[in-house]
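Visitor: My request is simple: use the sequences and hints to build the entire structure.
2 protein chains.
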Amino acid sequence: MMELVARRFRTLGEPLRLRILQQLEAGEKTVGELVDALDAGQPNISKHLGILYDAGLVGRRREGNAMIYGINDPMVFRLCDLVCRSETKRSKAAFEALNGRTKVKR
Amino acid sequence: MMELVARRFRTLGEPLRLRILQQLEAGEKTVGELVDALDAGQPNISKHLGILYDAGLVGRRREGNAMIYGINDPMVFRLCDLVCRSETKRSKAAFEALNGRTKVKR
DNA sequence: CGACTACATCACTATATGGTGATATAGTTT
DNA sequence: AAACTATATCACCATATAGTGATGTAGTCG
Numbered sequence: 106m107m108e109l110v111a112r113r114f115r116t117l118g119e120p121l122r123l124r125i126l127q128q129l130e131a132g133e134k135t136v137g138e139l140v141d142a143l144d145a146g147q148p149n150i151s152k153h154l155g156i157l158y159d160a161g162l163v164g165r166r167r168e169g170n171a172m173i174y175g176i177n178d179p180m181v182f183r184l185c186d187l188v189c190r191s192e193t194k195r196s197k198a199a200f201e202a203l204n205g206r207t208k209v210k211r
Numbered sequence: 106m107m108e109l110v111a112r113r114f115r116t117l118g119e120p121l122r123l124r125i126l127q128q129l130e131a132g133e134k135t136v137g138e139l140v141d142a143l144d145a146g147q148p149n150i151s152k153h154l155g156i157l158y159d160a161g162l163v164g165r166r167r168e169g170n171a172m173i174y175g176i177n178d179p180m181v182f183r184l185c186d187l188v189c190r191s192e193t194k195r196s197k198a199a200f201e202a203l204n205g206r207t208k209v210k211r
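So the protein sequences, as listed, match chains A and B.
Residue numbers for the first sequence follow the numbering used here, so the first one is 106 and each next one is one higher.
Residue numbers for the second sequence follow the numbering used here, so the first one is 106 and each next one is one higher.
These aren't lab readings, by the way, just hints derived from the structure by calculation.
One copy or two, either will do: identical chains are not told apart, so a pair holds if it fits within one copy or between any two.
For lysine to aspartate or glutamate, the following EDC-like pairs were computed, each having C-alpha atoms within a straight-line distance of at most 16 Å:
{"#": "1", "residue 1": "Lys-134", "residue 2": "Glu-168"}
{"#": "2", "residue 1": "Lys-152", "residue 2": "Glu-119"}
{"#": "3", "residue 1": "Lys-197", "residue 2": "Asp-178"}
{"#": "4", "residue 1": "Lys-134", "residue 2": "Asp-144"}
{"#": "5", "residue 1": "Lys-194", "residue 2": "Asp-159"}
{"#": "6", "residue 1": "Lys-194", "residue 2": "Asp-178"}
Guide: Quick look at the structure:
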């Protein structure tokens with residue numbers, strides 16, 4: 106059970122995959138468009154898209170000889186929101202702790 | 106930026122770390138108690154606790170010569186809730202799709 | 001102080017995974 | 001069908017990381 110949840114988190118634990126999802130949040134895109142937008146190798150993008158697809162996070166359909174990918178589970182953005190908020194709070198706390206402990210010239 | 110978020114997800118992308126957090130949800134625990142509860146090696150538990158600590162997810166304090174760990178950022182449980190709900194929905198959809206496509210004897 | 005306990009860290013191995021060039025496959029066009 | 005385009009897959013290397021035995025370190029007790 107924990108294994109399943111962990112796998113899900115690991116799927117999101119890769120910057121390039123998050124950037125792919127971010128691109129798709131704006132709307133469906135072909136593999137080629139993602140390759141251009143993200144400045145990454147095509148096999149690499151395809152591999153990551155495959156992982157996201159297997160995880161059920163994105164959907165795809167064929168159109169001509171292009172594959173069009175799109176978001177399938179909007180949950181990911183709520184997850185990212187939570188993490189970002191937490192990260193921000195953490196950074197702020199770290200900053201204030203530093204200010205509190207450091208002798209500041211006045 | 107995405108790198109930070111990804112790192113956070115990767116921290117949660119490990120079953121043993123999730124199980125540690127799950128244990129700590131019930132209340133603070135020492136390293137030894139976690140080792141017993143999770144049936145894992147002590148160095149391994151300590152390493153994972155260190156990772157969770159560096160990530161700011163757990164806090165710790167010394168008491169005698171025992172180290173007591175506890176949850177520091179309850180966000181993780183909201184994250185897990187979201188993932189679990191999504192996972193459940195996905196499993197259910199997969200099941201129904203299977204039932205819809207398979208010829209069933211009646 | 002020495003012995004003991006609880007934990008952290010080190011050193012190492014095994015495995016998983018990301019990136020990439022080469023190649024296979026599906027669809028289109030002529 | 002041959003040539004072309006878009007994507008997927010393969011084979012491989014490099015790196016990251018989980019697990020583990022040995023060792024270091026902080027605190028307690030006699």
